[in-house]
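Student: Using the hints, build the complex out of the two chains.
Now for the letters of each chain:
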Amino acid sequence: MPTGLFHSDYKEDEQIFQTLWLKCWMGGLLLFLFVGFPLVATPLSRFLGFSVQHMANMIGIFMIGAHGLNLLTGFTGQISLGHAAFMGVGAYTSSILFMKAGWPFWLSLPAAGLVTAGVGMVFGVPSLRLRGLYLAIATMAAQFIIEYGMRNWTSLTGGSGGLNVDRPSFFGIPLDTDLRYYYLILVLAILSTVFLKNLLRTKTGRALVAVRDRYLSAEIMGVNLFKYRLLAFGISSFYVGVAGGLFAHYNLVVSDEHFTMWLSIQYLAMVIIGGLGHVLGGIFGTIFMVLLPEVLRIPTEILSNIYPNFFTYFGTLRELVFGLVIILFLIFEPDGLAARWHTIRAYWKLWPFSY
Amino acid sequence: MSPGILHFVQLVVTGLVIGSVYALVALGFVLIYKATSVINFAQGEFVLMGAYVCLWVIMDFQIPFVWSFLITMVFSVVLGLLVERLMLRPLIGEPIITVIMVTIGLATVLKSVVTLFWGTQIRVFPQIFPQKPLNFHGIVVSEVYLWTLGFALLFMAIFAFFFKYSRAGIAMRATADDQQVAQSMGISVKRIFAISWCIAAVVSAVGGILIGNINGINITLADFGLKVFPAVILGGLDSIVGAIIGGLTIGILENLMGGYLDIYFGGGVKEVAPFVVLVVILMIKPYGLFGTVEIERV
Chain G
4 MPTGLFHSDY KEDEQIFQTL WLKCWMGGLL LFLFVGFPLV ATPLSRFLGF
54 SVQHMANMIG IFMIGAHGLN LLTGFTGQIS LGHAAFMGVG AYTSSILFMK
104 AGWPFWLSLP AAGLVTAGVG MVFGVPSLRL RGLYLAIATM AAQFIIEYGM
154 RNWTSLTGGS GGLNVDRPSF FGIPLDTDLR YYYLILVLAI LSTVFLKNLL
204 RTKTGRALVA VRDRYLSAEI MGVNLFKYRL LAFGISSFYV GVAGGLFAHY
254 NLVVSDEHFT MWLSIQYLAM VIIGGLGHVL GGIFGTIFMV LLPEVLRIPT
304 EILSNIYPNF FTYFGTLREL VFGLVIILFL IFEPDGLAAR WHTIRAYWKL
354 WPFSY
Chain B
320 MSPGILHFVQ LVVTGLVIGS VYALVALGFV LIYKATSVIN FAQGEFVLMG
370 AYVCLWVIMD FQIPFVWSFL ITMVFSVVLG LLVERLMLRP LIGEPIITVI
420 MVTIGLATVL KSVVTLFWGT QIRVFPQIFP QKPLNFHGIV VSEVYLWTLG
470 FALLFMAIFA FFFKYSRAGI AMRATADDQQ VAQSMGISVK RIFAISWCIA
520 AVVSAVGGIL IGNINGINIT LADFGLKVFP AVILGGLDSI VGAIIGGLTI
570 GILENLMGGY LDIYFGGGVK EVAPFVVLVV ILMIKPYGLF GTVEIERV
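In the order they appear, the protein sequences are chains G and B.
Per the working numbering, residue 4 is the first one in the first sequence, and the count goes up by one each step.
Per the working numbering, residue 320 is the first one in the second sequence, and the count goes up by one each step.
Hints may be right or wrong, so weigh each one.
[As the list claims (entries may be wrong)] Label-pair restraints from in silico Cβ distances: (1) B:S507 to G:L8: 50 to 60 Å; (2) B:S485 to G:F198: 33 to 43 Å; (3) G:R170 to B:I614: 48 to 58 Å.
[Claimed, not checked] Short derived list, chain G residues pointing at chain B, Cβ under 8 Å: (4) V38; (5) G39; (6) I140; (7) A144; (8) F147; (9) Y316; (10) L323; (11) F325; (12) P337.
Simulated from the structure, these hints should not be mistaken for lab results.
Fair warning: this is a prediction, and the values are worked out from it, not measured in the lab.
Each residue gets a CB set at the ideal place from its N, CA and C atoms; glycine is no exception.
Bound conformation, chain B alone (with noise of 0.2 Å):
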């Protein structure tokens, strides 16, 4: 392969394992949206707290990684049980604008929980998947990526099979579907929107523990999160599916505007280019590749 072929395939690769990353954390986002109507502007903390709880478990308490990878996880849906239960319910009917507050309200108290408690420096993990390059005809993919992103697609996989076959998860999709004719049928409504909660920070806290182990954290991780913007405006805000397929694309054309934009702008470009492919999607196709397009009646 040519040189340019070869930069441009290494650069596709790179972005389709930020990609599967994004996509996860992404699932988590349009789950709330999806069952409980409310936009999270905490997922990016929720992100932060799986990562640096997992690191926490690991080097202070020496546990191996499979077992903290476990408590993190139970961590996580405890945070989104207590999230739903004593800020979310209390606000339900109220304006879209005191929840989307109250959601950043939360991103702020989390954000600066972690950083109370572990600082503002870059961590990093132990070495879990191994770092070694791997070199497929020229494209060289360190092992930690394929690791990652076999890791997010086994995770979505998991999800794929739990709302299609799973009773929860019929009832997580009936209730997305319409309350309150769910509710008729005898599903618990508030149930679900607890289980969509602590589903998002699990889903989260799995992305964030994945990137640390590419990158390593520090607070900034929290922006990574906010990058699921872009994904779930591309593939339309209530679509499981447009979740996953927004969250590649965004990673593979970041990485791509990154790598051929950067010497034109001074850098940095990777950080802003979602954004800006944001706006322009809100411009021509505002609910996305799959998102339902809303009618509206007086």
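Only chain G is shown next, with the shape it has when bound in the complex (with noise of 0.2 Å):
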């Protein structure tokens, strides 16, 4: 019997679950979230004292958006502090489509994908010619001017009072309460995941690591820098697009002030946390990011109990503790939570024989 993994063909070697080990956990994990976690949801919420089935669904949408980024910044090394901005461009194009043209859902999602990468693109072009430094700018500069023409394009977008969205049904079914909504982001969550791992593993997601890696070594090689760079945009827009229109129809409204900068750091802070350049990189960020302000409630609470003033002062706090964990996590964890979870891995697997 062959202690250890043996490869006797290519197909083999190229599986994503290798070993009958990890697919049996996959099927677990999955019957979990299909299954088990809508049903220990509600008594969990109750034990904790907020809605967990609530803070999933937001795990499933930025993740969605965190494995876009990811794959712009983390497998391409195009850095962009645009895609708060660019969220809300899906969001508002699913809601206008929705609102006022009367689209059906279906189509309304795919359409603010579309229009995302459509503007992603446009804002990426000067910046294919740029290295990163000179790309952090543009993006940032796509933040601003986008968000100027969200609080401003009254007309289309109601300005800064926002915009009411309704819950879709979807082929007839009421997407009215949070654990049937928590369904389509699942579906769409699993869904861009694997339409991630695997487009890494063709020849698209190979020239895109190499344009990471050596990206003059690989235009010489004959990888069409232009192409890909625009296509990785293009790709990574489609995703906060669709992040953006669940984002709408899940919270019901949407203003400028859900998309601004500060959401740009936080998607950057997932996937740097995370770790750039891991699929799982996306998910654990997403997890961590999400989870942190309600692990913070915990001490404020305790603290406003002596300070009574001190709830004030939650947000900001907030802020300052994500402002650290990004740096230390930057100087102590540069490879992020993924790279961790596989030297973990790596020591069960041989212990109690580690070298």
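Tutor: This is how it looks when you write it as structure tokens:
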């Protein structure tokens, strides 16, 4: 009996989940997400004092966006400080098409992705000839310009008052509860993860990684830099646009305040803390960033019993902790949570003979 | 002068004053970039920090402006040193995304520290420079604007001399030119990095105090710092002259666009116009007016 992993053909080597053990784990995880989690969500919410279902939905929505940013930043090496604005474009597109033009939801959501992809590519163009530094600045400009558009193009976006959106129904099933919406988000989140994972195994994905690692060498070897950078921008914006559409219909109101620079920074923090260039990174990072405020709430509530004014500082304190977490992660754990996960797994694989 | 031209000149003059402060802050930004190749997203927060510390010293300790100004300068030097030593030095050699992100993290931390200590409502400096409007042939300029312009120009002149004649200044230029050669000539590159961050923090604080005297300060002053990006992109990321010219140009440009286009776009054009300019410059002349065009080799 072989002790270890031995592949006898390429097909086996290319599998994502290479052992039966892993496949069982994945099956178990999926079973939990589809059946187990909705069952435990309600009692857990009562126990913890906040809606676990809502948290899960937010994690799912932002995970899609984080995957998009990870594709751009982690796999193609293009930093973007404008992803919140792109998410806003998706949110407004879907809302306007759904509410004003009367499109069905299953059309308005992909349309949101496509429009956002277009917008993202427009702002991606100037940066294609530039290095990471300039790209950060260009996308930051995109963030401010789009934010301004959302605030001031009143006839289309409703200005700073925002736009009210209804919960959609999906082929006759009204997605009116958090739980029903959860299934939609779950399916899309899984689809986006699978697509990302598989994209990276194709010719396109390898070209993107080559562009990240040595773009000049990549170009010499025949990778069309312009095409692949633009493609990365397009797919990335599509992801985040869909996330925006989902967010709009979940949140029931969209306004420019949901898509500020701060969210762009949070997105970057998600992929960096999770691990740039790991599909798992987007997942871990999003869970971490969405849960962090809830975790912070506990010490805040204890402290606010002692200092009654303390609660007013909660928002600021949260930002402070976010900033510190970003800095500390970059200095002490630059590869993120996903890398840590891999080392832990490698450790247990060989335990107790780690050498 | 006809009212149209008068309006135009008025806008240019006010823009010039704001632009001179942009130029000052952009100077600090370019300095860091040139010496250490770090893009500092916390430049605006240095502005914020400087303004608030100065105001705090004046108001809460009742210290005269000149002294509180000097105290703020000392504080900025310490802040610059701490940031360089604790955050940037461990990251030497790390990828650019990491370094950018760490300055963004720093910006978040500084901003929330300011909010925790001083709140978010707008605060006004006690009158230090007279606000009396002066009238030059119909162009009305408040005296504080002239002081601001004068101060900004004075600081720029000081730094011009510093770079041209002082040992530290020449060492900084050498480091910016070629780190390895500078090091082999006995220049401590680490020290130069530290000095760059100190100077950047100091000029930003000066900018913050000057703007605070004109408008009063609140937390959005940090966004003011973000306007250095259009300025430095226009001037060229690694050119000190470019930073000054870029700062002045962006100041004038945003004021003109604000003055003439606000009625068509429902206000706030001033806030976004510099960034539109930025995108356009990146499209047509990505290395700016005076920036070094990089030739890349494998």
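Student: Hint by hint, say whether it matches the structure.
Tutor: Outcome of the hint check:
1. B:S507 to G:L8: 50 to 60 Å: This hint holds: roughly 51 Å between Cβ atoms.
2. B:S485 to G:F198: 33 to 43 Å: violated, 58 Å
3. G:R170 to B:I614: 48 to 58 Å: Holds: the Cβ-Cβ distance is about 55 Å, inside 48 to 58 Å.
4. V38: For G:V38, the interface hint is violated, since the closest Cβ of chain B sits about 38 Å away, which is over 8 Å.
5. G39: violated, 36 Å
6. I140: holds, 5 Å
7. A144: Holds, about 4 Å.
8. F147: Result: holds, 5 Å to nearest chain B Cβ.
9. Y316: holds, 6 Å
10. L323: Holds, because the Cβ-Cβ distance from G:L323 to chain B comes to roughly 4 Å (cut-off 8 Å).
11. F325: holds, 6 Å
12. P337: Holds - the Cβ of G:P337 comes within 8 Å of chain B, reaching about 6 Å at its closest.
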